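Starting from the known structure of chain D, fit chain G onto it as the hints suggest.
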Amino acid sequence: MTKLAIISGGLREPSSTRLLADRITAAVAAGLATKNLTTDASVIELRRQGRAIMDTLLTGFAPAELESVFETVADADGVIAVTPAFNASFSGLFKSFFDVLPEGTLSEMPVLIAATGGTERHSLVLEHALRPMFSYLHAIVSPTGVYAATDDFGAGQGSADLSTRIDKAADDYVRLLQSCGPRTRRDVFTEELTDMERLLTGWQPRDGGDTVED
Amino acid sequence: MHFGIFSVGDVTTDPTTGRTPTETERIRATVAIAKKAEEVGLDVFATGEHHNPPFVPSSPTTLLGYIAAQTERIIMSTATTLITTNDPVKIAEDFSVLQHLAEGRADLMLGRGNTGPVYPWFGQDIRAAIPLTVEHYGLLRRLWREEVVDWSGKFRTPLQGFTLAPQPLDGVPPFVWHGSIRTPEVAELAAYYGDGFFHNHIFWPPSHTKRMVQLYRQRFEHYGHGSADQAIVGLGGQVFIRPNSQDAVEEFRPYFDNAPVYGHGPSLEEFSAQTPLTVGSPQQVIDRTLGFRDYAGDYQRQLFLIDHAGLPLKTVLEQLDLLGEDVIPVLRKEFAVGRPEHVPDAPTHEALVKAAANGDHCTSGTAEEQQP
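Residue numbers (the working numbering), protein chains in the order written: chain D, 2 to 215; chain G, 23 to 394.
The following block holds chain D by itself, in its conformation from the complex (with noise of 0.2 Å):
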């Protein structure tokens, strides 16, 4: 059984980030299939965590719902994260989500990124926006992402376009999820505590009150 965490961005209910989301998660779905892997989709919409999200940023805790999430992102084995392009960059509930998400939660996380827009020319979204951000945050970006434009939801060639496309990110993404395997979660709050212990029992006194650097 492969985890997935689908972290949907979008605002409108319906949603065409949405919409991406589901196409991709049921082409990743049916590529595990393929290799006899069974999946477990989570889908997280944002929109509806959005005050708990700004409460987060505000206080410093997060409310039980969304602590609730956080649960759900660090138990999987990967992450599909869509966003709409707002001003040539992620959307600002997208962004924050991911500020408020604990720290080391996306480590070796492999990621599917994709992103939707009014047109075309915001493509390069995935690239400048997505890509470094889970970078920076340890994740294991797959190499294909999607962007989505209005008209490729339309009939004729661009239709086809998408499917294919779809297809390409799904196929190198189940890739890298059977290379990186079910993902053992992190324990931070244990790996601290030790690294706190050694520094506290290497810090003692030795042989008649010398002093040891560590």
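Calculated directly from the structure, the hints in this document are not laboratory data. Please read all numbers here as calculations on a predicted model, not as lab measurements. Heads up, the beta-carbon is just placed ideally off N, CA and C, and yes, glycines get one too. Check each hint, because a few of them may be wrong.
What the hints assert, rightly or not - To give a feel for the contact side, a few chain D residues facing chain G, derived at Cβ under 7 Å:
#1 56
#2 62
#3 193
#4 194
#5 197
#6 201
For chain G alone, kept in the frame of chain D given last:
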């Protein structure tokens, strides 16, 4: 068990009148609040330490020494003293003098501070906060326990043949608490030395407090200072009281909504549900506070925050009257019910002197330090 108040020392505009106290007024109000705390029967007054506006307590022992001179019984403490950016030699000196002046009515809570620029202002690097804390505190302990100290470390110039003056009162250092919100390293530090651990208990949900206190208690036992339920725990808390619950909510709401730390975020009701903030009648405050024991165990010190967010002095003094008359006496009685004999009382200078005389170092040092 000790009950008291801790003050941040913020100069904040009263949102209901638009009036901002002067720094002088705020400092004098703090003194009046501390004196009133003693008058209504509280045990502890603790001040924060800040080095930037809009806060006034940059020199805690000056403030505490002044208060100590005008009080008889209440313990002077801090919340917190910055172990990272203060020179440990100066901390040792300042609190030794305070201890002598206050005749033992002084202890301190160490913390790392949460204002980034304070580190460079005092020549330190925030990225080294934890190793800095460990090294500075290691030195502070030795200054208070060894007559002549030879010391070298990474973060401070070395000492050769240094003797602290004055030496701690009666040869017993002030009791040390380590304060933290979410840093497990601090709980580990407190447990390692058998010091007290104080959880801020204002900004985070009780589930986090529970986890940190449990960790501290387990590690306290692990390091051989006693059983987990003998560890010395303190908790913060935040209350606003009126005899009638609805009056409390109506009066406190504008202060909550505009508070510098959490204002303009969650509602008063949401924040009250998510954190230990209690706005209501004395009975509501009593019930909520007694509930702290359910997740923190029997503990030694309870401090309330009551004088922030622009609340006028008159209101704060009324809060102290309500605490002293209607809340604390009940809490004292109820917290004593079912409290096991082997759970230690709140630490005092007299108790530490007595313990030292009996050669009992149960909660004052590591195994190695206890070697003769």
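Hints, verified against the model:
no.: 1; hint: 56; verdict: holds, 5 Å
no.: 2; hint: 62; verdict: holds, 5 Å
no.: 3; hint: 193; verdict: holds, 5 Å
no.: 4; hint: 194; verdict: holds, 5 Å
no.: 5; hint: 197; verdict: holds, 4 Å
no.: 6; hint: 201; verdict: holds, 5 Å
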